[in-house]
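Colleague: My request is simple: use the sequences and hints to build the entire structure.
4 protein chains.
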Amino acid sequence: MKRIGILTSGGDCAGLNAAMRSIFYRAKKYGMEVVGIKDGTLGLIQRPVNSIELNYEIVSGSLFREGGTFLGTTNKGDPFHFKGEDGKYSDVSDKIIEGYKLLKLDGLIVIGGDGSMKIFKKLADKGKLNMVAIPKTIDNDVGATENSIGFNTAVSVATEALDNLQATAASHRRAMILQVMGRDAGHIALNTGIAGGADVILIPELPYTIDGIIKKLNEMKKHNIHHSLIVVAEAVKTEQGETYMIHYADGEKRLGGIGDYLAEQIMKKSDIECRVTTLGHVQRGARPTANDRILASAFGVHAVDLLARGKFNRMVAWQNRHVVDVAIDEAVNTYKVVDQNEGLVDTAFALGIYIGTT
Amino acid sequence: MKRIGILTSGGDCAGLNAAMRSIFYRAKKYGMEVVGIKDGTLGLIQRPVNSIELNYEIVSGSLFREGGTFLGTTNKGDPFHFKGEDGKYSDVSDKIIEGYKLLKLDGLIVIGGDGSMKIFKKLADKGKLNMVAIPKTIDNDVGATENSIGFNTAVSVATEALDNLQATAASHRRAMILQVMGRDAGHIALNTGIAGGADVILIPELPYTIDGIIKKLNEMKKHNIHHSLIVVAEAVKTEQGETYMIHYADGEKRLGGIGDYLAEQIMKKSDIECRVTTLGHVQRGARPTANDRILASAFGVHAVDLLARGKFNRMVAWQNRHVVDVAIDEAVNTYKVVDQNEGLVDTAFALGIYIGTT
Amino acid sequence: MKRIGILTSGGDCAGLNAAMRSIFYRAKKYGMEVVGIKDGTLGLIQRPVNSIELNYEIVSGSLFREGGTFLGTTNKGDPFHFKGEDGKYSDVSDKIIEGYKLLKLDGLIVIGGDGSMKIFKKLADKGKLNMVAIPKTIDNDVGATENSIGFNTAVSVATEALDNLQATAASHRRAMILQVMGRDAGHIALNTGIAGGADVILIPELPYTIDGIIKKLNEMKKHNIHHSLIVVAEAVKTEQGETYMIHYADGEKRLGGIGDYLAEQIMKKSDIECRVTTLGHVQRGARPTANDRILASAFGVHAVDLLARGKFNRMVAWQNRHVVDVAIDEAVNTYKVVDQNEGLVDTAFALGIYIGTT
Amino acid sequence: MKRIGILTSGGDCAGLNAAMRSIFYRAKKYGMEVVGIKDGTLGLIQRPVNSIELNYEIVSGSLFREGGTFLGTTNKGDPFHFKGEDGKYSDVSDKIIEGYKLLKLDGLIVIGGDGSMKIFKKLADKGKLNMVAIPKTIDNDVGATENSIGFNTAVSVATEALDNLQATAASHRRAMILQVMGRDAGHIALNTGIAGGADVILIPELPYTIDGIIKKLNEMKKHNIHHSLIVVAEAVKTEQGETYMIHYADGEKRLGGIGDYLAEQIMKKSDIECRVTTLGHVQRGARPTANDRILASAFGVHAVDLLARGKFNRMVAWQNRHVVDVAIDEAVNTYKVVDQNEGLVDTAFALGIYIGTT
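Chains A, B, C and D are the protein sequences, given in the same order. At position 58 of the first sequence the residue is numbered 72 (this note's numbering), and the sequence of numbers has no breaks. At position 19 of the second sequence the residue is numbered 33 (this note's numbering), and the sequence of numbers has no breaks. At position 303 of the third sequence the residue is numbered 317 (this note's numbering), and the sequence of numbers has no breaks. At position 104 of the fourth sequence the residue is numbered 118 (this note's numbering), and the sequence of numbers has no breaks.
By construction, these hints were calculated from the structure, which means they are not laboratory data. Among these hints, one or two may not hold up.
The list treats identical chains as one, so a pair stands whether inside a single copy or across any two.
Said to hold, decoys possible - Listed below are the simulated DSBU-like cross-link pairs for lysine-lysine, each with C-alpha atoms no more than 30 Å apart in a straight line: (1) Lys140 <-> Lys230; (2) Lys251 <-> Lys140; (3) Lys42 <-> Lys52; (4) Lys132 <-> Lys52; (5) Lys283 <-> Lys102; (6) Lys90 <-> Lys230; (7) Lys52 <-> Lys325; (8) Lys16 <-> Lys236.
Modeller: See below:
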């Protein structure tokens, strides 16, 4: 293994640069060259291949402390269904495989979420690429690993937002609703809610009722607490189980707006004044927390070690405070939602937080 | 002047607790008693009057470092047009004046925005109350003072949000649009835009065109910069000068959503991918910056000094790095928007930021 | 179990208020009364006992987001060797046991480090007190638990300090040395060093040489990196294994100053310019990180559950991502240092960080 | 003016990169080329001259949000008394002037403190260089300007440190002493002290007594406040007016340690427990505050405008909320200390803070 490539794929998050720095330093211990591929799959499709040789000056300094990915990324790069400049879709997977070979790579480290990993597993199988993956996602929904890069920072940003909202809630005796990210899983909402002192946490995994929420808020009033914090994951549906859709500027409908739905319903059925904050992209680009940098560093080391030992199609994972590795298939086949029996759900119940199911 | 009251009125912001602590310490130097009135005007309407005697233990400690107001506030408390529990409006101004007298106050310090100051000026005139005011507003739109409490913190929070968005913008080669607060004035947007490195700043005071924005973004592409940051004040109107309205949960229409309008228009007329973040209430409740705490401390001292010297109906103000005082009428009659000739507008132009007018 | 007491003991850290809030909410689920005892053991020695009945208003709001402990604490309160106002030492353990009874407590939750736990175990045995403990320490050196309250925040603060120092190091081409806390264990240094991108990490558990440090810094120069970051735990000794003592203002000698020793030695033996920062108490009092608040919340719930189930002399602990409980004796008999075989030491080696042993 | 150079000189601080970005964008408006000179004067002494042509890709992105200076700086570069590699001192000013000419510069912008400005004024006079200066210093002691780049961020960092220390002070009923930077001026201490809620502020401009400090702390005890915060500038002398010297690792004695002196004296003369934190270099390298970035942006624009208009030997300055320019001689001849009559000193007195003079 003389020369390896790295790329980031899918939505950006905090800690990607830290992973790349770790990969570089580890690879240098083996005497490997490291090539950074630009813009996820897009860099491998372009000709000449869009890439950069990494060196000490690039990875040292403040880079690894920064959010985002200095290599660029994309979430529009599915090569099996790739939208060309003419607007038509085609299969460009051969081009990617060719790109890998043009770069004379012996191995490739993909830092991505479950979508990216599925794509690259297919590419690796088809092109006989030597690939390992590092899980990253603010949603923490990648299977087979307890933590993915970016999650801890997203929780940290959302918790700080809740701290700010608490001051306003108390000053105005309102319910402040914070809608956080989390595609189809409630991890950000659950962790933020407990860390930020929420009174109500709604996650897609547990059913809720508007009446249940109002009952909780009324109980608080009995204790002379007239303000409250509600955290809701963007994937939560209406009481009737429907998706509350909002129409985005690019013409597509996407998940979202459930915060507005809740405010509307609570204010209709009670005298509680609500305000909604949709946190959005600021959860992604923050400076990584210490935890995310440590995780990224440990993952980067292990990913290079896997390549060096000729173990391919593996994803590094965090289990019981150690870095291990699992078959990529195992990871991508198990979307990780909040388990009703996990400790934090119990903690939420125990603290009297309304988290649904009633 | 033996006994003074303080209250906070209108939307909460950072630095209110610091102002109250300063008032307390200064009043103690004069041997005054200090009464904190709860929930703005509401505390004076309730019977018994809802208030708390301030003491050293309350104001010491971490209180003054916190956002919000520990006294509570309201922006629903216009006593000349007060919505009772029966939903009907009436004039309860006499009740407030009575409340002031029931508390046996010799003077009152109102910490509020221009709306609150107008109301209290009317009350003071009617009831012969001894009143001075301290300006607070995240929008910095109170006339006759360069700075109001809460503005610097709002800019600081919004700048940090822009820092986060920059990482995502660069990683994905997108335009990230940040919609910030600022009722009818662009101060937050202008300051945040320059501090946060925006490429486009839109404020209600300066006309703009969608073509002007796109032209700027295309010029950046010539220099191989494919991402950008756009800051827009919530009060900005559409290109045609119309208010882009959104329907809030409580059934009222309010200013807002202009960020979504911009994304829609830019994506329709160009191939630039946009994402919108509406920062919302997190701009209010953050811990106050050092600047806001210093301002609040200086304001608090001067307000008590005014009462002690029998100078009423004055608002403390910040001018040329000094605390001064002006007639409240002067302040409330001059809503302070961004002056096209002020230095920061020049700085924006000089840096090549698109800030409209073309 | 009708009425329980809580107290904090030993050095303050972030997350104590969050633990107390969790205890209160959980206790209320059981219908228990909760008494907060002031200033650690001191409150139980005073007559009347210095305590406060906790209620919803006290624990709601911003309290749990704050560093420190609103109950107060002490690290001078060993009741078996207590320094009276006359300067003489005596055994006041009976007084504490009496204090517990005067408060009519059915159980007591002690939030403390290993020193505090040893003391309270002895007290519980002697006085037949029903006691459970929650581990807190920025040093993370309490045995039998992977994490203690306060550690994650201390690492977060120290990592941010390293971020600041990196800018200065790079600007001036210097080695910046950061001396962090960590009584006899290197956990803070190890975690901060990896999270903050240190080139050298020195912990008391692993021997080092000045030559080893200089060799590492010279290797970096070959790659054109002329600045570096060095993190050292305050407990690290000189190359000869001696304690580098400094004389504190109160006349006692304490651990410390090893950062100055390193700078002195490196500058004597090389042409590398060094500057030292001793981070000190700012590691303690910061707002707790999301992680510390979640940990404190989970610990608080479990501690009350133990009392409710009549399981005493237990310490709650964090193992494999779950809250468990262990015998206090087990915890206090195993001081937890950095294990040379733990994953982060491997990560440090793998990244080429100089962490001693050569 | 076709081609201009920029360099940073003296100690690093926050906002330098923001100034460079502003200079670049403004220069591009005039069609100028911009050369960044490395490591202050050192880059002009090296052959070939150590410099880099600035372009859009370098200055865009996250660079300007970062602390430090990406060009590097030095505070060992006095060319009239330059220490060579052989350890001997010589005058290398001709070499610098030659360097300026080798780069074919038409003008030069120096971002530095008063020391750097004195040196460059001499160089400009000798070599007929076209030079303008931008003031930067965390100490805010440059004359003729109200603010210099880096000061606001230093105050912000120190205020946050005081916030952390407050939690520990209150938890342990201690006096926490924070020693902040500030060569011979007390600006950081004065601003931090008011912003951070200090009870005692000691600055070199105002005499104090240990008895005065203790009297203040004892008065607080009467109000049942048993903890306190003391901020002291590193330049403060002992009660007897002597410099409390500490011996640094590089063999030189420097200002400092006054915090330790205070703790020693207070603990000797009272029963108040003190702890000292010396904040050190973390005040320099933080991310710049919004204020510092705005100031740096406005300064950068004006500096380029001066060069473009052929106005040399000027320093940009901040006066009455506007950027102006003054003769460099005016600035360097007036070291700016805290004026006893300035507003913040009055505010400190008014709040009952002990700030000396008694």
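Colleague: Quick one: Lys283 to Lys102, C-alpha cut-off 30 Å, is that within a copy, between copies, both, or neither?
Modeller: between (49 Å within a copy, 20 Å between copies)
Colleague: Should Lys132 paired with Lys52 be assigned to within, between, both, or neither, using CA atoms and 30 Å as the limit?
Modeller: within (19 Å within a copy, 46 Å between copies)
Colleague: Is it within a copy, between copies, both, or neither that the alpha carbon of Lys42 lies no farther than 30 Å from that of Lys52?
Modeller: Both ways: Lys42 and Lys52 sit 21 Å apart in one copy and 28 Å across, limit 30 Å.
Colleague: Please work out whether the CA atoms of Lys90 and Lys230 approach to 30 Å or closer within one copy, between two copies, in both situations, or in neither?
Modeller: Cα proximity of Lys90 and Lys230: across copies only (25 Å, versus 42 Å in one copy).
Colleague: At 30 Å max between alpha carbons, let me know whether Lys251 reaches Lys140 within a copy, between copies, both or neither.
Modeller: neither (38 Å within a copy, 52 Å between copies)
Colleague: I want to check one pair: Lys52 and Lys325. Are their C-alpha atoms no more than 30 Å apart within a copy, between two copies, both, or neither?
Modeller: within (25 Å within a copy, 45 Å between copies)
Colleague: Between copies, within a copy, both or neither: which fits Lys16 and Lys236 at Cα up to 30 Å?
Modeller: between (68 Å within a copy, 21 Å between copies)
Colleague: Pop the pair Lys140 and Lys230 into one bin, within, between, both or neither, using alpha-carbon distances up to 30 Å.
Modeller: Neither. Shortest intra-copy (54 Å) and inter-copy (43 Å) distances fail the 30 Å Cα cut-off.
The earlier numbered hints that this structure contradicts are 1, 2.
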